[in-house]
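Residue numbers (our numbering), protein chains in the order written: chain B, 1 to 164; chain P, 1 to 164; chain Y, 1 to 164; chain W, 1 to 164; chain A, 1 to 164; chain U, 1 to 164; chain G, 1 to 164; chain X, 1 to 164.
Quick caveat, the hints were computed from the structure, so don't treat them as lab data.
Treat the hints with care, as some may be off.
[What the hints assert, rightly or not] For each label pair, taking beta carbons as the anchor points, the in silico distance ranges come out as:
1. GLU50/B / GLU151/X: 18 to 24 Å
2. ASP55/P / GLU50/B: 31 to 37 Å
3. MET154/B / GLU147/W: 38 to 44 Å
4. ASP55/Y / LYS152/P: 49 to 55 Å
5. MET1/U / ASP55/G: 22 to 28 Å
6. PRO162/P / ARG32/B: 51 to 57 Å
7. GLN11/P / PRO3/G: 57 to 63 Å
8. GLU151/X / GLU163/W: 36 to 42 Å
All residues carry an ideal CB built from backbone N, CA and C; glycine is no exception.
Chain by chain, the residues run as shown.
Number of protein chains: 8
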Amino acid sequence: MAPVLILMGSQSDWPVMQHAAQMLKDLGVEWRAEVVSAHRTPDLLKTTMEQAEQDGVPVVIAGAGGAAHLPGMLAAFTAIPVLGVPVPSKQLKGLDSLLSIVQMPKGVAVGTLAVGPAGAANAGLLAAQIIGSFDANVRQRVHAFREQQREKVMNGPKLELPES
Amino acid sequence: MAPVLILMGSQSDWPVMQHAAQMLKDLGVEWRAEVVSAHRTPDLLKTTMEQAEQDGVPVVIAGAGGAAHLPGMLAAFTAIPVLGVPVPSKQLKGLDSLLSIVQMPKGVAVGTLAVGPAGAANAGLLAAQIIGSFDANVRQRVHAFREQQREKVMNGPKLELPES
Amino acid sequence: MAPVLILMGSQSDWPVMQHAAQMLKDLGVEWRAEVVSAHRTPDLLKTTMEQAEQDGVPVVIAGAGGAAHLPGMLAAFTAIPVLGVPVPSKQLKGLDSLLSIVQMPKGVAVGTLAVGPAGAANAGLLAAQIIGSFDANVRQRVHAFREQQREKVMNGPKLELPES
Amino acid sequence: MAPVLILMGSQSDWPVMQHAAQMLKDLGVEWRAEVVSAHRTPDLLKTTMEQAEQDGVPVVIAGAGGAAHLPGMLAAFTAIPVLGVPVPSKQLKGLDSLLSIVQMPKGVAVGTLAVGPAGAANAGLLAAQIIGSFDANVRQRVHAFREQQREKVMNGPKLELPES
Amino acid sequence: MAPVLILMGSQSDWPVMQHAAQMLKDLGVEWRAEVVSAHRTPDLLKTTMEQAEQDGVPVVIAGAGGAAHLPGMLAAFTAIPVLGVPVPSKQLKGLDSLLSIVQMPKGVAVGTLAVGPAGAANAGLLAAQIIGSFDANVRQRVHAFREQQREKVMNGPKLELPES
Amino acid sequence: MAPVLILMGSQSDWPVMQHAAQMLKDLGVEWRAEVVSAHRTPDLLKTTMEQAEQDGVPVVIAGAGGAAHLPGMLAAFTAIPVLGVPVPSKQLKGLDSLLSIVQMPKGVAVGTLAVGPAGAANAGLLAAQIIGSFDANVRQRVHAFREQQREKVMNGPKLELPES
Amino acid sequence: MAPVLILMGSQSDWPVMQHAAQMLKDLGVEWRAEVVSAHRTPDLLKTTMEQAEQDGVPVVIAGAGGAAHLPGMLAAFTAIPVLGVPVPSKQLKGLDSLLSIVQMPKGVAVGTLAVGPAGAANAGLLAAQIIGSFDANVRQRVHAFREQQREKVMNGPKLELPES
Amino acid sequence: MAPVLILMGSQSDWPVMQHAAQMLKDLGVEWRAEVVSAHRTPDLLKTTMEQAEQDGVPVVIAGAGGAAHLPGMLAAFTAIPVLGVPVPSKQLKGLDSLLSIVQMPKGVAVGTLAVGPAGAANAGLLAAQIIGSFDANVRQRVHAFREQQREKVMNGPKLELPES
C-alpha cells in the first residue's frame, strides 16, 4: 500500500501538519508530505490526485488556513477519502478555515478534524483507523495507542492545591 | 463485510440522517441504522461499538445535535473510523452541533461533515470512499457518481432573466 | 469587449445571481451566465478561465454558498479580476459562504460583495464601475444610476405613525 | 456527607479547575479532584458515577475544553447534580467548550458556569450554595463570603486619573 | 420544603419556562412561578429573594432573554442556588441571552442551561436532582425518569428509507 | 450641574474606564468615578441612582465586562440617561460584554459604546455632547475637539514604503 | 426646543424605526422623521446636520441595517448626540448592523441600542431621558412610564400549566 | 493614467495598508497613499473623490477598522471602483471591520478583501488585475507574478519531521 499523502497549502502550515505525520509514524503507517497550493498551483490538484489514485494512496490528509480550499478541491478530483485540517488563521483564529473546509456541498466530502495541531494529529489517527478497517496490524496499533492514552490518564499525579 | 452503521442520538434525527443511508444505497453499500443516545442510553455506547468491531463494521456514521456528544463518545469506544454529522439545532442553527463534534481533543478523532442533510449525504459518500480504498467495485461506483454529477451540471438549462 | 461572465456553483444559485445580471443589463453592460461547479466540474475551472482571457472578458462574477470555493479557484486560474458573491447557506445563513470567499491568502484575490441578492446586484454594479474606469459611456450610466437612487430617496413618502 | 467531586478531562485542566477547589476550601466544603477523560477513559464514566452515588457525593463539578463531553456524559450516568466548567480552548477561546457543555438536549442537564477560572470558582460557589440549601452552616459561610466581597468593593481605593 | 421558585422577566417567557414547571411536576416536585423583571421591577429582586430564603426555597430557576440580567441579579441577592434559562431572542437567537446569563464574574454564580425549552425542562430536572441529593424519594423519581427515557430510545420504530 | 457619574463593576475596570474621565476632563466637564458592582453590591444600585437624581447628575456612564449587568441595572433604577461601556473580557474578548449591555428589552435603555478604551472615551464624549445640547459652552468645546481631530488627520506625515 | 430628529437609511426601515417615534409621542416629546441614506444621498449628511444644529435639535436618532454607516456618519458631522438603532438584516440578523454602528473609533460617538424594534423604542426612551435631564416635565413623564411598566408586570395573570 | 489611490482612516492603518502599496509597486503600477478619515474629516470624502474622478484614478483602495465606514462612504461619492480592506480591530479581531465593509446595501458596492495584511496585498493585486483588463503590460506582469508564486511553491524544501 502506498503511503498516506499529507498535503498542505503552504510551507508555513508544516508546524501544524507535522502532527499528522508524527501520529502516523507513531502508529507505524507510512506517509509522504508535500506542499500543493489550491490557489498558487491549481493545475497540480488534478495531476496530484490522479497520481495518488494510480499509486494506491489509501487516504489523503490536507491542511489549509483562511479561505481553505485545498481539501475540498482535492476531494473534487479524486475518489480517495480526503481528511481536512483547518490551520489556524491569524485574525479569525481558524473559524474561517473550519467553515471553509467542513461546509462542503452534497456530492464532494471532506472529513474535517479540529482546528490546529490536535486536529492534525487526529487526521493521522483517523487515517490509521481507516487503514485499520482493512489491516488488522494497524488496527491493533490503534488499540494499543488507546490503551497507552488510558494509562497515562490513570497514572497521572494527584491533584492538589498549591500551598498558599 | 458488515454494513456501514448509521447511529443517531434521537429518532428525530432520521430525516437528516437518512440522507446518509440514501447515498450509501445509491452507491451500492450496505447500511444499518439505529438510535443510540449518548445521554439517554450511555451504557449502549460501549456494547454497540464492541459488537460493531466483532461484526467487522468498516465505518460508523453518527449524527447528533446541540451538545452533540454521540460521535465523539462512539469514537472513544472503538478503533473503527467514525464520521460525524452535525444535526441542525433549533436555536443556534447547528453551530453548537458542529463545534461539539469537530473540536475533539488529540487522541480521539471524528471526521466531521457539514451541518444538515448535505453533511449526512457526504458522510455516506465518504464512507463509500473509505471502503472504495480497499474495494475496487465501490470505488468504481464513486467515480460513476461523480461523473453523473458532472453531467448534471453540464446539461443544466440556460440561465436567463425572467421576463419583466 | 466580451460580456461580463457570471458563474455560479449550482443552478440553484441563479435566483440570487440573476440580480447581478439584472444590474448589468440596467447599466447597459453585456453579460453571460453559466453554471461551473468548483467541486462537481473542477476540470472546467481552468478551461473556462483560459477561454475567458482569450475572449477578452473584462470581469468575472462568481457566486457560491457554504464552503464556497468557486470564486477563489477561478481567480487562481486567471488574471481577470474576479468578484465573489456569498450565496446564503441554509444553516449558517451565509457566514460560511462569506468567510470562504473573502479570506483568500495573499497572492490570489477575490473582491467580495455582501451576502445574498444585494451582494449579487452590487457585483454587477462594481463590474460596471470597473469597465467604467475605461469606458466613459458606462461610467456615465453609473452616474445616472446613482442620481436615480438619490432621487428615489428624496421623493419618498412622508413618514407617519399608523393611526392607532 | 461525601466531598464534592471535581473531575476534569485532562491534567492540563487543573490550573483552571483548582479555582473550584479553592473556593470550596474557602467555604469549608470538602472536595476531591480526579482526572477522568470522557474520550480516553470512557469506561470510567459509569463506574465513577456509580461509586459517587454510593458514597453520597452531593454535587459533581466537571471541567473540559473543546468538544467538551465530560460534564454531559457524567450527567448521563448519574442523578447527582452536575455542574460544568468550560475550559478555554487554544483556538476558539472556549466558545466551543461552552456550547458543547451548555447545549444539552432535554432529559440530561448540566448547570454550566462561565468560561475559565471565574467559572471554575463559581462552580465551587454554586456547589456550596446547593449544599447550603440543606446545611445551615454552609449557607452561613456563603452569606459571609458575600459580605466580604461587598466590603472589598466598598473599601476600594479612590479612582483618579494618572498624573500626566 | 418550600416549592421551587420559577421566575421570569416577562409574561411572554412563560411558553418557554413552563417546560421547567412541567418537568418538576412530572418529577413530583412542588413549584411556583412568577414574573419579576430585573429591569421593570428592580426593587422586587431583593424582597423576592429575602422572602424565598425565609420560606426555605431550595432552588430558584430564572429565565430571561436578550440582555438577560434576571438570573444573575437574583443570584446577587441570595445564597439559594440559581439556575438560569436563556430564553431565545428574536434577532440573535438566544446567543445574547446565553452569554448574558452564563458569563458571570467570580463571586456570583448562575448554573446555566441550554437556550430555549430544552434548557427550561433541564432546569426543572436539575432542580429535582439538587433536591434529590438530600431527598431519596426525589432522587428515586429522577432515576425512574431516566429509565423511562432509556426505554423510549430502546423501543423506537425501525429506521427505514421512505419508499421512493 | 452635578458631575457626570462614572461607575464600574470592578476596580480592575478603571484602566479602561479612565478614558471616559480623561475625555470629560479634556472637554471641561466635571466627573466623579466609583466602583459599584451589580453583583457584589446590588443593594447600592438603587441608592446610588436615587442620590444621583437628587444631585442632578446629568448622565451616568457605566462600564462592566462578561455578563455585564451594571449599566442595565442602573438604568432600571433611574431616569438619568445611562451610557454603557463593554469592558473586554479575557476569553470572549468583550463580545459577551457588548451583547449583555446593548441587547436591553424595550422599556429600559442603555446607550452603548464600542468595546474597550475607545468606547470609554466615546462615552465621555457623548456625555459631553448630551450636556452640550443644553450648554453652549460645552458644545463649543466639542466642536473645538472635532476641529483638533480634523487637523491632526490633515497634518499627518507622508505615507511612504519603508526602504527595502 | 426643536423636535427629536429620527433619520433612517431607507423607507423600508420605518416599520422598525416608528417604534422610536411612538415612544417619543407616548412621552410627550416632539419628533420628526426622514429618510437620509449615507450611501445614496451622502451629500445630505452634512447639510442635514448643519440644519439640525441651527434648529436646536437636542438628539438625533438614526437607524440603518447591514453595513450601517448612517449613525456614525451623522455623528461625524455634528455635536448633537446621536443614538443608533441596528435594523435587522436579512441574512446576518443584525449582527452586522450592530457591529457597524457600535464599534466607532475614538473621537466620534454613537450611543447604540438593541437590534430591532426594542432598540428603536429604547432610542426614543433614551432621547426623552436626555431631554429629561434638562426638562423636569419630560423627566416626570419618564418616571410615570416606568411606573406603568412596573404595574403591568405586577398585575399580570397567574402562570399556570396548560391543562393536559 | 493616474495612480491608484490608497486611502485609510488613520495613520495607524499604514502598517497594514502598505502591503497594498508594495504589491502595486511590485506589479509596476503607480500608487499614492493618504489618510482620509470618514469620521474625523468627513467633508474630505466628497472632494477627494471628485478630484480622483477628475484625475482619472482607475481604482480606489480603502482600509479601515472597527465600524469601518471609509470604503463604503468613498464608494457613495464616486463611480470609481472601490476596494475595501478590513483592518484588524483590537478586540473583535476585524470581524467588525469585515462586516462593516462587506455588507453594503444594494446600490453602492465595495469589493472587499481579507482581514489584515493579506487582504491589503490582495487589494493591490486586484487593482492591478482591474487595470490589466485594459492594459496588456500590467496583465502580463500579473501573469508573471503568478508564475513566480507557483515556482516558489514548487521549489520549497522537503518536509521532514524534526529529529526527536
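Checklist entry - Measuring from beta carbon to beta carbon, are MET154/B and GLU147/W in 38 to 44 Å? => result Because 43 Å falls inside the window, the suggested range holds.
Checklist entry - Range hint 18 to 24 Å: satisfied by the CB atoms of GLU50/B and GLU151/X? => result holds, 22 Å
Checklist entry - Lying within 36 to 42 Å: is that true of the beta-carbon distance GLU151/X to GLU163/W? => result violated, 59 Å
Checklist entry - How does the Cβ-Cβ distance of ASP55/Y and LYS152/P compare with 49 to 55 Å: does it lie in that range? => result violated, 26 Å
Next on the checklist: Holds or violated: the 57 to 63 Å window for the beta-carbon distance between GLN11/P and PRO3/G?
Outcome noted: holds, 59 Å
Checklist entry - Is the hinted range of 51 to 57 Å satisfied by the C-beta distance from PRO162/P to ARG32/B? => result At roughly 52 Å between Cβ atoms, ARG32/B and PRO162/P fall inside 51 to 57 Å, so the hint holds.
Item to check | Assessment of proposed distance window 22 to 28 Å (beta carbons of MET1/U, ASP55/G) | outcome: The hinted range 22 to 28 Å holds for MET1/U and ASP55/G, with Cβ atoms some 24 Å apart.
Checklist entry - Holds or violated: 31 to 37 Å for the Cβ distance of ASP55/P and GLU50/B? => result 35 Å Cβ-Cβ, so the 31 to 37 Å window holds.
Violated hints, listed in ascending order, are 4, 8; each of the other numbered hints is respected by the structure.
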